[in-house]
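Novice: Read off the chains here:
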Amino acid sequence: MEWRLFANLAETAGTKRVEVAAEPGDTFGEAFDRLLETHPELREEILDEDGDIRDHIRVLRNDSNPFVVDDGYDTVLEADDDLALFPPVSGG
Amino acid sequence: MSLDLTPEQLDRYSRHVIMDEVGPEGQGRLLDARVLCIGAGGLGSPVIQYLAAAGVGSLGIADDDVVERSNLQRQVIHGDPDVGRPKVVSARDFVARQNPDIDVEPHETRVTAENVGDLVADYDLVVDGSDNFATRYLVNDACTLAGVPFVHGAILRFEGQMTTFEATTPVDDPDADNGPCYRCLFPEAPEPGTVPDCATAGVLGVLPGTVGCVMATEAVKLLLDHGDSLDGRMVFYDAEDMTFREIQVEPRPDCPVCQPGGVESVAEVDYRESCAIE
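First to last, the protein sequences are chains B and Y.
Heads up: the first sequence is residues 1 to 92, going by the working numbering.
Heads up: the second sequence is residues 1 to 278, going by the working numbering.
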C-alpha cells in the first residue's frame, strides 16, 4: 500500500511516496502505524502530545476523510486504496 | 444591470459577448460585480489582472504591504519602479492602465478581526490570496458567518491548494447551506513556525500564476453563475510532477463556524496562534 505525502510532510520524509507493508484487509490504522514506523521523523509533525493526529493534518483514503465517511482507524483497506496525508499551506 | 454596453465595451469584451454562456447579460453582470481581493501579492497579481481584464466592475484590494524587490519574481502586476510603493497603489495603477472600466477600491490595511466584517460585507465575492494562516482563518470565519462566497488559494514551493466556498446565506439563517468551510478541512492552523511559508521555504515564481488563474476562473464563473465550482472539492496542484489531484471536502458535523450553534462572531476567536475554537 502506498502513502502520498504533501508539502512539508514530504519535505520531512524526503519523499512524496512511501510504500508500506499493508495489504487489503488490513485496517487504515495499521497502514498509518507502518507509515510512522517507516518514517519516524514524521511522528512529531503528525501526532500531538496525546498521540492524536494534529488538527491541521488531514488524512485521506481515496480522496475522502476516513474519519468522516468511513470507520476511521478501523476502516478496512481494499486493493488499490490510495492513502494520503496533507497539511494546509498559507503562502500567497 | 448594465445591459447597455457602450461601443467600446462591446469591442473590448467581444470575445465574452459572443459566448452563449456570457453574452451581453453576463458581461453586464461582471461589470456590476463587486469583488474583494485580499492580498495583492503572488496570487493577488493574476487574480487582479484577469478580473480587471474580464471587466469585473469594482475591485476592492486589501493589502498593507509595500512592494519589495524579492516580490518581483512572481508578483507580476508590480514592476521595478514600484519597489517601496504600497501594493494597493501599485495594483490600482496597473488596473488603470489595463482597463479604464474598473473602479479599484484600495484598502491599505491589514485585515483584522475588527475590520473584516465591514470589508467583506461590502462585496459580492471575496478572493483570498493572503499569505498567512491568521488571515485565512479570519476570512473563512467572516465570510462563512456572513454568507459571502469566497475563493481560496494557497501556495508553497511547488504546490498549490485551491477551493471555493459558495455559501451565500448567513450561518444563523434557517436556510443556511451549512458548510463545508475551510475549518471542516483544517479545524485549526498549525502552530506558528511548524509549517514553513514562502519567505523561508521559497516558491516557484510561476506557481502563483497557475493557482491564481484557477482562482480568477472560479470567481468569474461564480459571478456568471455558470459551470461547476470547486465548492465541496479541493484541488492540489503539484508543479514539480505536473499533477492535479482532487479531494472531497465534507462538512464536519461539529464545525464551530459553518454548523448551527457555533461561534456567532470573529470577535469570539483568538487569531494570534492556532486560531482554535474550543
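Calculated directly from the structure, the hints in this document are not laboratory data.
Being a predicted model, the structure only gives us computed values, none of them experimental.
Cβ atoms here follow ideal geometry from the backbone N, Cα and C, with glycine treated the same way.
It cannot be assumed that every hint is accurate.
[Unchecked claim] Selected chain Y positions facing chain B (in silico; Cβ < 8 Å):
id, residue
1, G44
2, P100
3, F133
4, P192
5, V203
6, G205
7, V206
8, I247
9, Q248
10, A267
11, D270
[To be verified] Going by beta-carbon spacing under 8 Å, a handful of chain B positions derived as facing chain Y:
id, residue
12, F6
13, T15
14, I53
15, R58
16, V59
17, P88
18, V89
Novice: Does each hint hold? Answer for all of them.
Specialist: Against the structure, the hints:
1. G44: Nearest chain B Cβ about 7 Å off; hint holds.
2. P100: Since chain B brings no Cβ nearer than about 28 Å to Y/P100, farther than 8 Å, the hint is violated.
3. F133: holds (5 Å)
4. P192: Nearest chain B Cβ about 11 Å off; hint violated.
5. V203: holds (6 Å)
6. G205: Y/G205 check fails; min Cβ-Cβ to chain B is 12 Å, beyond 8 Å.
7. V206: violated (14 Å)
8. I247: holds (4 Å)
9. Q248: The hint holds - Y/Q248 has a Cβ within 8 Å of chain B, the shortest such distance being about 5 Å.
10. A267: Violated: closest Cβ of chain B sits about 22 Å from Y/A267, beyond 8 Å.
11. D270: Since the shortest Cβ distance to chain B is 15 Å, the answer is violated.
12. F6: Since chain Y brings a Cβ to about 6 Å from B/F6, closer than 8 Å, the hint holds.
13. T15: Hint violated; B/T15 Cβ to chain Y Cβ min 12 Å, cut 8 Å.
14. I53: violated (11 Å)
15. R58: holds (6 Å)
16. V59: Status violated, d = 11 Å.
17. P88: Hint on B/P88: holds, closest Cβ of chain Y at ~5 Å, below 8 Å.
18. V89: Hint holds; B/V89 Cβ to chain Y Cβ min 4 Å, cut 8 Å.
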